[in-house]
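Enquirer: Residue numbers (UniProt numbering), protein chains in the order written: chain Y, 1 to 348; chain E, 1 to 75; chain G, 1 to 376.
Keep in mind that the hints were calculated from the coordinates and are not lab data.
We put the beta carbon where it would ideally sit given N, CA and C, even for glycine.
One thing to keep in mind: the hints can contain errors.
Claimed, not checked - Straight-line alpha carbon distances no greater than 30 Å define the calculated DSS-like cross-link-like pairs of lysine-lysine that follow:
(1) Lys171(Y) with Lys147(Y)
(2) Lys83(G) with Lys109(G)
(3) Lys119(Y) with Lys147(Y)
(4) Lys141(Y) with Lys159(G)
(5) Lys83(G) with Lys147(Y)
(6) Lys2(G) with Lys83(G)
(7) Lys147(Y) with Lys109(G)
(8) Lys147(Y) with Lys9(Y)
(9) Lys9(Y) with Lys171(Y)
Said to hold, decoys possible - Partial list, computed: chain E residues near chain G (C-beta under 10 Å):
(10) Pro6
(11) Ile10
(12) Leu12
(13) Leu13
(14) Pro14
(15) Val22
(16) Ser30
(17) Asp35
(18) Ala38
(19) Glu57
(20) Ala59
(21) Arg61
(22) Leu65
(23) Glu72
What the hints assert, rightly or not - Where chain E lies over chain Y, by a calculated footprint (3+ residues, C-beta under 8 Å):
(24) 194-207
(25) 270-279
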Amino acid sequence: MSARQRHLKLDLAAGRVELSHGAGGRAMAQLIAEVFHQALDNEWLRRGNDQSAFDVAAGRMVMTTDGYVISPLFFPGGDIGSLAVHGTINDVAMAGARPLYLSASFIIEEGFRLADLKKIADSMGRAAREAGVPVITGDTKVVERGKADGVFISTAGVGVLPHGLDLSADKARPGDKVLLSGSLGDHGVAVMSRRQNLAFETTIQSDSAALHGLVGEMVAVAGAGLRVMRDPTRGGLAATLNELAQQSCVGFRIDEDGLPIKPQVAAACELLGIDPLYVANEGKLIAIVAPEHTDAALAAMRAHPLGREAAIIGEVVEDEHRFVQMTTAFGGGRIVDWLAGDQLPRIC
Amino acid sequence: MCLAIPAEVIELLPDQMARVSVDGVGKLVSVALLDELAIGDYVVLHVGFALTRIDPEEARRTLALLGQLGAEVLA
Amino acid sequence: MKYVDEYRDGKLARGVAAAIARDSDPARNYALMEFCGGHTHAISRYGLEDLLPGNVRMVHGPGCPVCVLPVGRIDMALQLAAKPNVTLCCYGDLMRVPGSRGNSLLRAKAAGADIRMVYSTLDALVIAEAEPSRDVVFFAIGFETTTPPTALSIRLALKRDLGNFSVFCNHVLTPSAIERILACDSDGVRIDGFVGPAHVSTVIGTAPFRRFAQDFAKPVVVAGFEPLDVMQAILMLIRQVNDGRHEVENQYIRAVTEHGNRIAQAEVADIFELRENFEWRGLGQLPDSALRLKDAYAGFDAERRFALDDISASDNPACECGAILRGVKRPAECRLFGTVCTPETPMGSCMVSSEGACAAHWSYGRFRDHARRKTA
C-alpha cells in the first residue's frame, strides 16, 4: 500500500468487530488506534510499545489484577469500562496505596458493535482521566461469535504504599470499629434492574467510583489506626465481613439500625426477595479501625464527597466461631452468614 | 412462604395490567385477579400479580392496637 | 415502605413483647406452629426468639413450597430440561434444589440445558411468544397464592394461541398439609395453636381454617409476614390457649377476608382439579393435596404433552426432616444438621430453601445453640 493511499476509517456507527481486528494485521492496528488510543490517550500509549516503562519512588509497591464480566454491559451509572477502571483502582487503594498505573486487556466477541466498543473505551478513558490513573498498556483479542459475551476486560493495577503502612485482612482485633463509607446495594440493584426477565424501573444508579481519594484522606489522619480496608463488591457487606472474620479469627457485631440503605434499594430487594447485605457495591469501602483512631477516620470520610454518609456500623468482637452477628432493627439477634451459592431472586 | 409486598397502583393500563410503585421502584404487573381498582390503591403483589387490595382503615386499626398493647403494659 | 416499615417498628415490638410476657402463664409451655416459611423467615430474620419468653416455643412448619417438593419432581423437571427443544422456565428458588445424585437445575444449565429464571409466569409467556420454535415449559410450584398466576398464564396462552407453552404443575394445597400435621399430633409433640398463612389466606380466606379449629380443637390465627404481625398473632394465640378457646382469628385483616379472592378462586377452579395423591417431601403421600390441569387444558399440561412418568426418589434415611416438619424434633437434633447437611449441600427438604426450618436455623440462629451450650 502506498503512503498516498487513503484508508477508510472504521465505521464506528454501524460497523462490527471482526476476527481480523484481533489478527495482528492492519485491521487490528486501526482498531487500536481509532478506538483505544483515541479514548485512553496518554504519553505511554502514544509511544506504541508492547509495554510501558515508568519511574517509581523508593518504597513498597502493590499490584493487583482483576477481570470484568458483566451483563448487561451498560447499566445506570456506568458500564464495563468505567467499572474496570474503578474496580482496579479500588483494589490497589484498599491496601492504603496510591494507585499509579493500569493495564487493560480486551477480549471481544466477533460481531460486537464498534459503537458499543467505542462507548466502553471512551468511558474507560474518562474514568481514568478523572481518577488521574492512566491505562498505560493494553491488549486486544477477538474470539469467534458465541465464545464470549460481548466483551470481557481484564486489568492490572500498580500503586505505591506510603511508608509504614501495612494493612492486612488478618489484623482486625476485638474492640476495633467497623466503618462503612456509604449506602449499601446501589450497584447490584442498578444492574439487576436491567436484567432480562427481572426488569424493574428505578432511579438508582450504580455507585461505581474510584475510592483512592477517600482512602488518601483516611490514611493521612488515621494511617496508624487502619487495620484493614475492603471494598464490599460481590457478596456485599456480608461476604466481606465473613472473610475478615475468618482471616482475623474474630467475630463481628453490627447494628442493623446503623446501616445506610436507600429506600429504592430496600424496595427492590423486597420485590426480589433478596437481602441488601449481600448485594454488590462498587464505590464503597469498609475500614476496620483501632478505637482511638475511629473519630479521626470517620471525620475524614465524612469530609470527602464519597464518604458523606459514612457511619460506624459495628465492632470486632472475640468469637471462636467467627460469626458475624447483627442486632436487628426489631431488637432481636441473628447471624449474617456466608451466602450459599448465588443470591437468586425468589418467590418464597 | 409466598413472598409478596405492598405496592401502590400508579397507572392502570390495557389488558388488565397496571404500573405499580414499591417506594419508587416501578413494575408492570397484572391486576386480572382484582376488580374495581383505583389509582392510589395499595395491593399485595406476588410474582407479578396483584392478589388483594390492602384496606387502609384496617391497617390503621391494627397499628393502633399494636401501639395500645405496648402503652398498656409498659405504662 | 408503606404497610411494611410500620410493622417492623422495634419500639412497638417491645410493647407487644411485654404483653406476651405478661399474658403467658409461666406454669405452662406454649408450642405454637407457624405453618408458613414466611413466618419462619420473619422469626429468624428479625430475631423474634430473643423477644419471646422461654416457655413460648415456635415450631417451624412445612409451609415452604420448595421444601416440600419431592426429589422425584425435580428429577422429572431435569428430564424435561434435557429434551432438546425444551426451554424450562422457573422461579429462582428452584435453581439450586437438589434432585437425585446431586443434580440440580443450576447444574443442568451449566451442562447446556436451556433453563431460564423468571420473576413471573408473564415472563415465561413473553419467552414463548418471542421464541415460537422452542417448547417453553413453566415449572410451576407453590401454594394457593402462586396458583392463580399459573392459571392466568394458561388462560393467556390460550387467548394468544401459544401452542408452544405448557406448565409442569406442582401446585399444592395448604389445608391438606395442616391436616396431616394435626393427624400426626399424637406422635410426641403437642401443638397448642397455629399461626395461619398470610398470603395463602388472601386467596382462600380464613374460612377453610375453621374446621381445624373445630375438629381438632386448635386455635388458628391468620397473620401477616411482618415481624409485628407475627408477634401480635403469638399474643392472640396465647390468649386463646389461656382461655381454652379454639377459634379462627384474623390478625392480617388489612389484606385477608373471610372468603378470600373469589376471582382467583374461580380461575383456579376452572383450570385445575385435585390429584388423588401427591408426595410431599418430609410428609409423604397426602390425599387431595395437590392440583393438576383439567382434561380440557391437557395440551398445556407438560406431564401429558411430554409423556412424563412419575419418578419417586428417596431422601437420605438419616434425615429427620419429617420429624422436624411436624415439630417433633428441632434442627440441631438431627445428626446430619451442620455436618453433611448445610445450605451449600442440603440433604433434606428443611435445608433446601432459606425458609426451611433447618436453613433458617443454620443461617440466622445457630449462634443460639452455642450460647445455650455455654450457659448449660
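Enquirer: Any CB of chain G closer than 10 Å to the CB of Glu57(E)?
Expert: Given a least distance of 8 Å, the restraint on Glu57(E) holds.
Enquirer: Can you verify the interface hint for Ile10(E): is its Cβ closer than 10 Å to any Cβ in chain G?
Expert: It is violated, given that the least Cβ distance between Ile10(E) and chain G is near 13 Å, above 10 Å.
Enquirer: With a cut-off of 10 Å, does the beta carbon of Ala38(E) approach a beta carbon of chain G closely enough for the hint to hold?
Expert: violated, 16 Å
Enquirer: Against chain G, with CB atoms and a cut of 10 Å, does the hint on Glu72(E) hold up?
Expert: holds, 7 Å
Enquirer: So if I understand the rule, the pair passes when the alpha-carbon distance is 30 Å or less; does Lys147(Y) with Lys109(G) pass?
Expert: holds, 17 Å
Enquirer: With 10 Å as the cut and Cβ atoms as the points, is Leu65(E) at the interface with chain G?
Expert: For Leu65(E), the interface hint holds, since the closest Cβ of chain G sits about 8 Å away, which is under 10 Å.
Enquirer: Mind checking the CB of Pro6(E) against every CB in chain G and telling me if the closest is under 10 Å?
Expert: At 4 Å from the nearest chain G Cβ, Pro6(E) passes the 10 Å test, so the hint holds.
Enquirer: Is the interface hint satisfied for Leu12(E)? The criterion is a beta-carbon contact with chain G at less than 10 Å.
Expert: With a closest approach of 16 Å, the Leu12(E) hint is violated.
Enquirer: With the threshold set at 30 Å, check whether the alpha-carbon distance from Lys83(G) to Lys109(G) stays at or below it.
Expert: holds, 12 Å
Enquirer: Does Lys9(Y) pair with Lys171(Y) here, judged by a C-alpha cut-off of 30 Å?
Expert: violated, 55 Å
Enquirer: So if I understand the rule, the pair passes when the alpha-carbon distance is 30 Å or less; does Lys119(Y) with Lys147(Y) pass?
Expert: This hinted pair holds, its Cα atoms lying about 22 Å apart.
Enquirer: Would you check chain E against the region 194-207 of chain Y, counting CB to CB pairs closer than 8 Å, and say if three or more residues qualify?
Expert: holds (count 4)
Hint compliance for this structure: hints 1, 4, 6, 9, 11, 12, 13, 14, 18 are broken, all remaining hints hold.
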